[in-house]
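Novice: Produce the entire structure from the sequences given, and follow the hints as far as they go.
The lines below spell out each chain.
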Amino acid sequence: MRQFLSSILLPCLSLAALAPSTALGTSTSDYHEQLVLRPLPLSSLLASFNFRSNTTLSAFEAHNFQLFPRSLGQILQHAGTRELHLRFNLGRWDAESWGARPWDGAREGGTGVELWAWLDAETDEEADQKWLILTNALSGLFCASLNFIDGTRTTRPAMSFQPEGDHRNSTAANTHLLYGVLPHEVVCTENLTPFLKLLPCKGKAGIASLLDGHKLFDASWQSMAIDVRPVCPTQGECVLEIEQTIDMVLDIERSKRPRGNPIPRPPPSYELNCDKSKPYSADDTCFPADYAASQEWSLQTVFGKVMKGTCPLTDPSVLPVCLQVPESRTVFISNGAVEKKDPNMEQRCFEVPAEADFEMILPRPEGQQELKSQEEMQAQDLIKPETPLLYAERSFTGHGQERGGVQTILKNPSPDTEVEFIYMESLPWFMRIYTHTIEARIDGHPGKHNSLIQQVYYRPAVDRARGTQLELRMRVPPSSTVFLTYDFEKSILRYTEYPPDANRGFDVAAAVITILNPNNTDGKFAAYNLRTTSLLLNLPTPDFSMPYNVIIFTSTAIALAFGGMFNILVRRFVAADEGPQFNIAGLKSKLKAKFGKVAQKLDKGAVPNKVPDEKSDGARVVSGDSEKK
Amino acid sequence: MPRLLSSALRIRRDPRLLKIPPYLSLLCILVGVVWLFLLPLDEYSRRTYISENALLPGQVHTYFGGSDQNVFRAYKHEVNALEDKSNLEINDKLESIIKGIGLKVGRQNFTYNSAGNVYSGENLYALLKAPRGDATEAIVLVAAWKNTKEELNRNGVALVLTLARYFKRWSLWSKDIIFLVTPDSIAGPQAWVDAYHDAHDSSRVDRLPLKSGALQGAIAIDYTQQERFESVHIIYDGVNGQLPNLDLINSVSNIAGGQMGMGVAIQEMWHHDNKYPDRLRTMLRGMLKQGLGLASGPHSSFIPYHVDAVTLQPFGRGWQDEMAMGRVIEGTFRSLNNLLEHLHQSFFFYLLMHRDRFVSIGTYLPSAMLVAANFTIMAIALWVKSGQPELNKEAAKKNEEFEVNPNNSAVERDLFLPLGFVTGCQFLSVIPLYLFNHAPESTLTPIFAVFTVLNLLLPYGLSHLITTYYAPTAQQYQMIRSFSLLLLGMFLSSLATLNFSLSLIVGVLSTPLTFMQPWPESPALRTFCTVLLNAIAPTMVLVIGASVWRLEISDVLREAAFAWDVYGMYSSIVVWCVWWPAWLAASVTVLGKPVPAATRRGKEKAKTA
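Protein chains in written order, with full-length UniProt numbering: chain A, 1 to 629; chain B, 1 to 609.
If you're looking for bench data, these hints aren't it; they were derived computationally from the structure. There are no misleading hints in this set.
In silico SDA-like cross-links for lysine to any residue, where the CA-CA straight-line distance does not exceed 25 angstroms:
{"id": "1", "chain 1": "B", "residue 1": "593", "chain 2": "B", "residue 2": "419"}
{"id": "2", "chain 1": "A", "residue 1": "411", "chain 2": "B", "residue 2": "209"}
{"id": "3", "chain 1": "A", "residue 1": "215", "chain 2": "B", "residue 2": "104"}
{"id": "4", "chain 1": "B", "residue 1": "99", "chain 2": "A", "residue 2": "393"}
{"id": "5", "chain 1": "A", "residue 1": "215", "chain 2": "B", "residue 2": "170"}
{"id": "6", "chain 1": "A", "residue 1": "276", "chain 2": "B", "residue 2": "92"}
{"id": "7", "chain 1": "B", "residue 1": "104", "chain 2": "A", "residue 2": "104"}
{"id": "8", "chain 1": "B", "residue 1": "104", "chain 2": "A", "residue 2": "389"}
{"id": "9", "chain 1": "A", "residue 1": "411", "chain 2": "B", "residue 2": "210"}
{"id": "10", "chain 1": "A", "residue 1": "411", "chain 2": "B", "residue 2": "203"}
{"id": "11", "chain 1": "B", "residue 1": "104", "chain 2": "A", "residue 2": "481"}
{"id": "12", "chain 1": "B", "residue 1": "104", "chain 2": "A", "residue 2": "95"}
{"id": "13", "chain 1": "B", "residue 1": "93", "chain 2": "B", "residue 2": "77"}
{"id": "14", "chain 1": "A", "residue 1": "256", "chain 2": "B", "residue 2": "69"}
{"id": "15", "chain 1": "B", "residue 1": "104", "chain 2": "A", "residue 2": "263"}
{"id": "16", "chain 1": "B", "residue 1": "99", "chain 2": "A", "residue 2": "379"}
{"id": "17", "chain 1": "A", "residue 1": "384", "chain 2": "B", "residue 2": "104"}
{"id": "18", "chain 1": "A", "residue 1": "256", "chain 2": "B", "residue 2": "62"}
{"id": "19", "chain 1": "B", "residue 1": "99", "chain 2": "A", "residue 2": "263"}
{"id": "20", "chain 1": "B", "residue 1": "99", "chain 2": "A", "residue 2": "257"}
{"id": "21", "chain 1": "A", "residue 1": "411", "chain 2": "B", "residue 2": "197"}
{"id": "22", "chain 1": "B", "residue 1": "93", "chain 2": "A", "residue 2": "379"}
{"id": "23", "chain 1": "B", "residue 1": "85", "chain 2": "A", "residue 2": "275"}
{"id": "24", "chain 1": "A", "residue 1": "256", "chain 2": "B", "residue 2": "97"}
{"id": "25", "chain 1": "A", "residue 1": "384", "chain 2": "B", "residue 2": "210"}
{"id": "26", "chain 1": "B", "residue 1": "85", "chain 2": "A", "residue 2": "280"}
{"id": "27", "chain 1": "B", "residue 1": "289", "chain 2": "B", "residue 2": "315"}
{"id": "28", "chain 1": "B", "residue 1": "93", "chain 2": "A", "residue 2": "280"}
{"id": "29", "chain 1": "B", "residue 1": "104", "chain 2": "A", "residue 2": "252"}
{"id": "30", "chain 1": "B", "residue 1": "104", "chain 2": "A", "residue 2": "43"}
Covered by chain A, according to a simulated footprint, are these stretches of chain B (three or more residues, beta-carbon under 8 angstroms):
{"id": "31", "stretch": "61–67"}
{"id": "32", "stretch": "70–79"}
Where is the CB? At the ideal position from N, CA and C, for every residue including glycine.
Specialist: Right, here's the structure in full:
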């Protein structure tokens with residue numbers, strides 16, 4: 001225990017005493033953080049927060065946590081997890097305006113929550129068991145419904161994912177990759193709080209102090225990622241590295257709205273930014289100036305607060321805040337901070353005083369009025385966004401309750417390079433795809449192009465047990481658009497299988513596209529990752545008030561019909577003229593017969609019996625017989 | 001029970017039973033029609049209510065106004081400047097404005113051919129991505145450049161642009177918003193909606209370059225009025241008489257009428273005192289529009305895809321300005337934005353008679369069903385009758401208490417001629433259907449004139465044909481009527497569940513067909529029936545209808561062909577393939593001269609001998 005305490009306390013104390021210099025004996029601190037700000041076209045701002053720390057594998061196995069979060073570490077140990085990737089995503093990345101994704105798409109997931117991990121297990125069953133433990137534990141830790149990742153939402157990708165960390169060959173044989181996704185999970189502040197708690201400085205100091213739920217979840221796109229992987233340097237001990245990333249694209253105009261007054265009321269007319277060149281321009285007529293024009297912003301206005309110094313645990317050699325704008329633009333920073341330009345990357349970074357607040361203001365660029373065209377303006381104010389390797393867009397085709405289709409449009413913008421990638425869909429079981437309809441065709445060239453799909457991995461769904469897994473290895477020729485389509489049939493669910501909440505439809509998880517690295521020399525498997533948007537699948541839904549009406553109605557009908565039917569079946573029917581007669585005529589004839597007999601006795605052989613009387617006698621005998629039977 | 005069974009058996013054999021069906025049919029018709037006229041009464045109609053609690057109409061503050069009016073004026077200047085420009089120039093300008101707002105723009109070409117005319121144009125639409133949404137759902141705001149009366153939708157387009165800019169500032173949208181500007185009111189939206197659901201014919205309509213998720217609702221603005229308005233007119237009729245969810249109409253009426261204090265009107269009833277005559281008029285207008293099944297605005301094309309949509313049209317002189325109209329749309333969009341699930345709670349089958357009174361399908365359906373049932377009853381009665389021996393009038397007169405001899409109760413039915421004739425009539429109906437939907441516009445009116453005249457002569461020709469070659473008996477005439485009425489009753493009762501009004505209109509116009517029979521001995525009655533039948537012939541009804549509403553026949557025919565070609569209106573199928581064959585069969589029956597069965601048999605024997 002003492003040893004454990006000292007191991008925790010010592011670095012902290014020494015850091016506190018000597019911070020932030022590199023006084024520790026080890027080469028560098030185990031923790032660093034960095035915020036990269038990059039203005040994007042259409043008045044947006046990309047903010048990428050990156051926090052990274054590590055622990056040696058031996059210390060990890062000895063439950064000796066320093067900067068590595070203990071809560072997460074224990075879960076990983078308990079569930080035998082070698083490598084973990086967890087993603088919380090909200091919104092859409094607008095690739096056409098914003099260009100390539102940050103981190104080449106490696107630090108983001110599809111809408112909702114996505115989790116994939118390599119687990120240490122001898123058998124598939126053991127892996128499933130550990131996966132269950134992992135999802136349930138993470139669900140508690142991150143306040144997300146990860147425990148709903150059950151067998152139907154779990155797949156074992158065959159081609160799409162490769163471990164990012166260094167795994168020893170002996171252990172790699174026994175690791176199982178499991179992948180689960182919750183497309184309908186709404187990411188919100190309850191997920192951010194546990195995320196920040198994993199950081200050594202929480203949200204109290206350093207760049208994490210800028211993170212505020214209100215701004216983060218008002219962003220046009222945001223992604224929170226946690227990646228845990230073992231890293232083995234060429235010399236030295238293997239370490240377990242945890243990287244936490246938050247990327248967000250803020251709409252500058254929307255973020256600048258004060259927190260106390262978030263309603264976008266129309267501004268007073270004198271504040272409107274009008275295009276005065278229009279002939280009709282007047283006090284009461286205002287053609288609004290282009291939205292795309294760069295705006296002035298500062299950390300305070302965009303994030304709602306200033307940065308509170310630096311985290312004392314961070315590695316001072318990594319500068320905490322960087323800004324990516326053309327060199328021509330001026331930036332104002334608060335006193336004590338130092339600007340350091342990196343000429344190669346068109347990036348300037350700022351050294352921030354440890355104890356003081358840091359503020360940065362990016363004013364509106366000068367001379368904007370002279371330049372007319374939007375493109376010119378953008379070229380001057382912003383670094384040109386990088387063109388992504390591939391654009392992907394997926395949507396449903398068809399309508400109705402029975403069948404549908406999925407169409408993915410894959411566009412390769414490059415004029416000379418072919419893109420090869422793996423397209424993975426994990427579909428719910430109630431969406432039964434027709435594999436014979438999978439077809440890829442190049443826009444403008446009708447007919448099938450079988451060469452586009454090079455390899456197919458298909459694992460069919462099992463009703464109520466397992467979803468469909470479809471992985472396609474495809475290629476898209478240079479500067480062409482490929483349509484990938486397939487049809488599916490919608491199953492009818494049992495009525496208890498509908499979720500109890502409002503029936504919005506069922507979310508279908510994003511397709512995962514992993515673009516393969518053509519020259520796989522640096523060990524990087526994927527050159528670029530992207531996800532399509534998720535889809536909303538409408539299944540035939542009963543009107544749930546109907547069953548009750550039907551139950552009531554059928555009960556009534558059965559009660560009435562059964563009563564009558566039962567009566568008919570059980571009663572014995574005798575024709576009217578066969579049964580004993582109780583009408584007056586019968587009575588009369590009987591009496592007559594009686595009297596006749598008496599009269600006969602009195603007056604022997606004088607009057608013969610009438611024919612009807614005989615009949616009635618006979619009838620009586622017959623009915624009497626039947627009664628005896 | 002046994003007594004009941006045996007008495008039922010006895011009644012079945014009662015010859016008086018066969019005298020009942022015509023009266024029963026008449027009763028059905030009368031009850032059906034009277035039923036309809038009872039509907040506007042307070043006892044049979046209900047007040048509307050919001051069934052979907054998530055909508056919360058009129059519960060939000062609307063902020064559209066203030067300096068947005070300055071922007072609106074500027075956009076209106078831009079729209080006015082484009083008044084006489086071509087579709088492409090208009091779209092180029094609108095695209096630059098919308099891109100300036102910061103939205104993505106898509107364009108789509110379409111070309112439709114109908115009655116020799118080409119309807120082509122280019123749709124322009126912009127997508128406002130919900131800031132925190134995931135592209136799974138969307139709502140649409142439509143403004144056609146020209147409304148259905150070919151007037152420039154000046155304020156509507158400018159309002160859509162201003163609202164796009166205003167909506168962009170909000171971060172609360174849970175669904176994407178699509179702003180659609182189409183060159184016309186019917187073909188453009190149809191092409192767009194078809195392409196959105198990938199149900200388009202790719203040779204005529206381009207696919208959409210930009211898409212979002214499932215459409216949850218659509219609002220169209222038809223705002224041509226220049227001066228300030230008083231009330232909002234809600235147009236809700238969809239293609240083929242399909243209607244949007246009543247909750248949508250109620251929400252708009254609640255927001256406009258309740259929150260904004262405007263008047264709300266439906267079915268062009270500019271003044272409505274909510275008394276019986278006005279309610280009845282509103283309901284009948286609604287039924288007529290539903291029965292015709294024509295698209296009534298840009299919203300109509302959305303409804304077949306289960307996207308609830310209405311068109312809003314300001315009218316009257318008052319003090320409401322464009323901003324008020326914008327606030328109505330803002331309020332409606334906020335309500336739609338609240339939806340957690342697709343609109344499904346309230347009614348899809350209803351008749352509105354005032355903005356807050358309606359009858360639901362359970363109450364009004366019996367009316368059309370009774371009218372349809374009268375044909376079926378008569379058809380069954382005729383079938384039974386045809387199986388009984390023919391009575392000689394003289395014999396019947398001689399023997400008043402003639403009872404059906406049980407040994408002779410079933411007569412062999414000669415099915416070939418009746419079946420063949422009714423089938424032939426049904427097949428003949430393909431000719432007018434094809435002609436009126438495929439002929440070029442210039443020839444439509446002459447074709448119609450020729451067809452109307454031929455239609456007068458056709459029954460005589462057919463009657464002459466079958467009497468000369470087949471010499472049908474009274475039994476065969478009965479069976480012709482039976483089959484034709486059976487088909488009519490069957491079609492109309494199933495149609496009543498799809499398009500109540502169309503079924504009722506056709507049903508009521510065909511009621512005389514129930515009572516048509518050959519009159520060999522009474523030329524006066526035969527002439528009367530022929531005249532009556534010609535007055536209710538589909539062609540004649542079309543002519544009379546056009547003259548009552550002061551429409552050109554050519555316009556009506558062109559419109560019908562357009563509706564068939566562009567948005568698949570099926571009213572023409574009902575007219576030509578359901579109504580017209582039944583009418584033809586009845587007309588031929590009236591002119592028929594049945595041959596007594598005995599003579600015919602004798603003739604046949606003679607022939608074979």
